[in-house]
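J.: Let chain H serve as the given structure and place chains F and W on it in line with the hints.
Those protein sequence lines, which keep their order, are chains H, F and W.
The first sequence: position 476 = 711 (the working numbering), numbered continuously.
The second sequence: position 279 = 978 (the working numbering), numbered continuously.
The third sequence: position 274 = 280 (the working numbering), numbered continuously.
Hint data in this document are derived by calculation from the structure and do not stem from the laboratory.
Do not take every clue at face value.
Stated by the list, open to error - Among the chain F residues that face chain H by a calculated CB cut under 7 Å, a handful are:
#1 P817
#2 H864
#3 R866
#4 A873
#5 I886
#6 A890
Computed from a predicted model, the values in this text were never measured in an experiment.
C-beta: ideal position from N, C-alpha, C; glycine also.
Below are the chains, spelled out letter by letter.
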Amino acid sequence: MASAAMEKLGENHKGPQPILRMLRIVKRFPGVLANDHVDFELLPGEVHALLGENGAGKTTLMNILYGLYQADSGEIVLRGRTVRIRSPKDAIRLGIGMVHQHFKLVPNHTVAENVALGLRGTPFFAPARAVEARVRELGERYGLKVDPRAYVWQLSAGEQQRVEIIKALVRGADILILDEPTSVLTPQESKELFRILARMKAEGHGVIFITHKLDEVMEVADRVTVMRRGKVVETLPVGETDKAALARMMVGREVVFRLEKEEVSPGEEALVVEGLWALSDRGLPAVRGVSLSVRRGEILGIAGVAGNGQRELVEVITGLRRAQRGRVSILGHEVTNRSSRVVADAGVAHVPEERLRMGIVPGMSVAENLILKKHHRPPFCRLGFLSLRRIREFARVAIQEYSIMTPGLDTPAKLLSGGNIQRLILARELSGGPPVIVAAHPTYGLDVGATEQIRQILLRERKKGAAILLISEDLEEIFSLSDRIAVIFEGEIMGILPTEEADLETVGLMMAGSKRLTEARG
Amino acid sequence: MSGWESWLVGTVSRALAFGTPLLWATLGEIYAERAGVVNLGVEGMMALGAFFGFAMAKVTGNPWVAIVLAALAGGTASLLHAFLSVTLRANQYVSGLALTMFGLGLSGLLGRGWTGQPLFHSLKSISIPGLSHIPYIGPMFFQKQSVLLYIGVLLALAMWFILFHTRWGLAIRAVGESPATADAMGINVFAVRYLCVFIGGLLAGVAGGFLSVEYRPAWTEGMTAGMGWIAIALTIFVAWNPLQALGGAFLFGALYHLSYRLQQYVSPELLKTLPYVAAILVLSLTATGAARRRRGAPAALGIPYVRGER
Amino acid sequence: MRRIGPFAVEYVPNPGKLKVLGVSLGAILLGLVVMAFIFWGYGVSPVHAYATIFRGTFGSRFGLGEIVRRAIPLMLCGVGLVLAFRALFWNIGAEGQLLVGAIVGTGLALYSGIHGPWLLLAMFLGGFAAGALWASIPALLRILLGVNDVLTTLMLNYVAMYIVQYLIYGPWRGPTMRGFAYTDLFPDNAWLPLIPRTNVHWPTLLAGVLLAVIFWVLLSRTRFGYEVRVVGQSTEAARYAGISMLRTIVLVAALSGGAAGLAGVGEVAGIHHRLLEPFQVSMGYGYTAIIVAWLARGSPLVAIITALFFGWIFASGDVIKTFLHMPFQVTSVFNGLLLFFLIGSEVLMYYRIRLRRGEA
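This is chain H alone, in the form it adopts within the complex (with noise of 0.2 Å):
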């Protein structure tokens, strides 16, 4: 197999030869097998994707090209010549740079200090003074315009992103991995972006480019290679293939693209919010005037990218954040500034963002887990005594009914996969039919079964009359799912409109704060 995708990468290029090449790449962790006998090159002054969904292998794959992880085995050739690349380190001395999904960057110092960090050359005296110039320079070279002298925290994602592509040419790299970039901008940012890496393109650098989205594909990259439960699939000139294929080839069977939703007539209003204003954790409104109102049998989508205020509208709505003005009503009853306990009690769900480390206690079994908000009231408690017995029964049910793959009720929580945990949540959330669902990001980091299901799990409780309010980063769950989509932009909403009526063009431009609807539709 190995042999036989080297002759394809042979075949499709008789030209100038490739300055990578990593071959027969594996790479086991416990449990699954993350790279199975990869091979991948790159051509010089091309970009080329790197294709797949959550879990395909493609960021182990350039982890292992940046030294971040070493392969069990395989050869990396650089140039023509073999290397072992063990750390960081050796990475950025051969001219691999790596901007990470997740940045990389010391939130409390500045840019100066962090382009500055571990950079050979730099004076021993006030080294970050030193490096000002260079990241102006740069800027001006690429169109990555960031203050040196800015402290990270107060830099939009967009702007953290220069940072990090600066970084890496700053050490002099002429191979750059991009890893999911587009995942924190808006799509006129992620048009910045593009500019910049023509540039690069034209300056002689290669670029990697990880990515899931299929549009991003077909606008960038010279070449994608497709990956699928850490083997590759194929790799092809994307001239030669459509979205279509691509998404084949990614998944292993057709993809539907657009979720079979039924038509329900909604009902009366279950969440209200009136011009609700909150501070972020640094005490500047994150929150800036927000009024919505979801009604039973509907889906309110709001899109947005992430850091503009959904976290907080969320926390504000479940009782977990105060509100410094403005009200939330549920179901007629106002629980503005109420504990998050009564806001539950008054028959809100609410599947958080951070599945980890706020939905689920790693430690506690699944059963345990189950009961978490519920703990205090019977069945399962009574007189302050937890009934083990009620809470197995349910236990049990609760993970037939929604498929949670878990070795047995004991089991603690943190071992399941993140499908499954997000289950367990659902499991637990909606016991009890609530009138109002508040679901944040529920399918991100999911593979396509669990998104799936869980999607249809949504459409479910729609059809049964709940009010659901979905805050999703993706805009084509927001589509497919939303009865009507709002967007979210700085702490505002810059429209509602009916799903029907929202094209993607409008909806980014919102998005970006280039355009608000005078009166929100629908």
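T.: Same frame as chain H, but now just chains F and W:
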């Protein structure tokens, strides 16, 4: 000089003297914590430094050799904590406590035969020629102080400068704020943490040595009397800043001095609680300030660093 | 999985109970081996040393009694600390909480004028309340102001210590002998009954065992225990679930401190019958209890056993002092070493180490 003037001069002068060991111990802990490692073993390291310093002074008759050895005693002990916390990624708080128990116990054990013996070759205090004759300022700052005070002040300045204005300091702070980032940038997180913990041990050892080789000079079990813990509280109080450590250490030095001076008016035992109550107050005040602004602890303090393997 | 030299190291997130036990025993064994070296360094044959210890502790009714007697305050403090640690409330202040319990117990014994058996009851209740209060202060400071609980609980130890000294040198001064100060002797109805021919004040022992059972039930079968466990594992999840950090932590602190306070009453009413210098009332029971709790790995019932183990350590210390003429500090050294080995060995618990077999 009038009554209150001499009182002021005396207080400042003694505050500097009492504050010297606090300064050294705090500076050491600041570096350890700036690199992200909490070391609760300061009390134990000081005790070991005090004993080994005293023993060395008696054996060799040279107080400076004694101080050096006191430093090494503290430094060696700190390596135990470093090994547990950094390499084995054990719970840093418990490891530090174990170090304190061990250090206090071992110094008490070894020190049995040495209790109450006089030390003739102690470190003598000095007065800086010329400067000590300036009216008021002279007796306050430059008369009958330990050399270790002046070295300590210079050390504070140097450590501050290194921390904020050099490559080394940038690396240390990055390791304490975000070790994953520092690691990705090619910095050896383990080496930096080991080094900073070791520095913390060396300085704590000197602090202990100062007590037994100069200040008393003598060895008694328990002579560190909780100073190590005050130093840890001070680390937080001075926002992990070596320059501010000067202020904090001498403030508490003044408190210690006051708790002696006031003995004619108030029960001496109750006065001894003063530094500890003050530490609690000071921590409470600092905490409210830090909670509101993002001033404060290195973000990765107390968290063992594991390179992200699944 | 990582490669270190010829070994392959794999992370095992859920070690079995047998492995945990094995590793703990291994650490203890290692500690005893190092102690053998220390004996040898002192010029005492390790074999002779251990034989003497065995005879002195297990060899007589009195010896066994000493083990139990030392275990009593360790049990009370230890059980309380197990609860505290489960909520991640780092109570290093058991020593001080014990002392304030002793103070209040003494005060009631000497100056309250209560008659009959009610006096002892009042002393226990008062001691519990005092310890609870002493621990609640750091708890409140932590929840309301975010102040580090390790430092505040510890600082209060010293404050309690000096208050005891103030009382015995000052307002509560009794006869002074050989340079040590102490209060007057307690009245008869403030004396705890002992098991004959031992120093075991069994009512306190009973309280210890009872408290262990109560805490065990609390942790595993009640809603409060459930909330404690959630708080101890994930503050975010606790917040999300609407569990009040304030209520949980303060209650845990109060229970933990109260248990230590009971130990204090036990010491002054059962052993000394007066208030003495702090280090005579408690020679580090509060600090050793930390190890007792750690070794019990979260189970109040197991803490009974670990308390007995450390009771044996303390009793051995007495034997070493009396018969081998080595100082009592040996026990502190042992405790420190053991704690090192325990947390160091946790690595072995959570990792599986194998020899690599010819990988490419």
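J.: Against this structure, judge whether each hint is valid.
T.: Okay, the hints, checked on the actual structure:
1. P817: Because about 47 Å separates F/P817 from the closest Cβ in chain H, which is outside the 7 Å limit, the hint is violated.
2. H864: holds, 6 Å
3. R866: holds, 5 Å
4. A873: holds, 5 Å
5. I886: holds, 5 Å
6. A890: violated, 12 Å
Figure legend: structure checked against the earlier numbered hints; hints not met, in rising order: 1 and 6.
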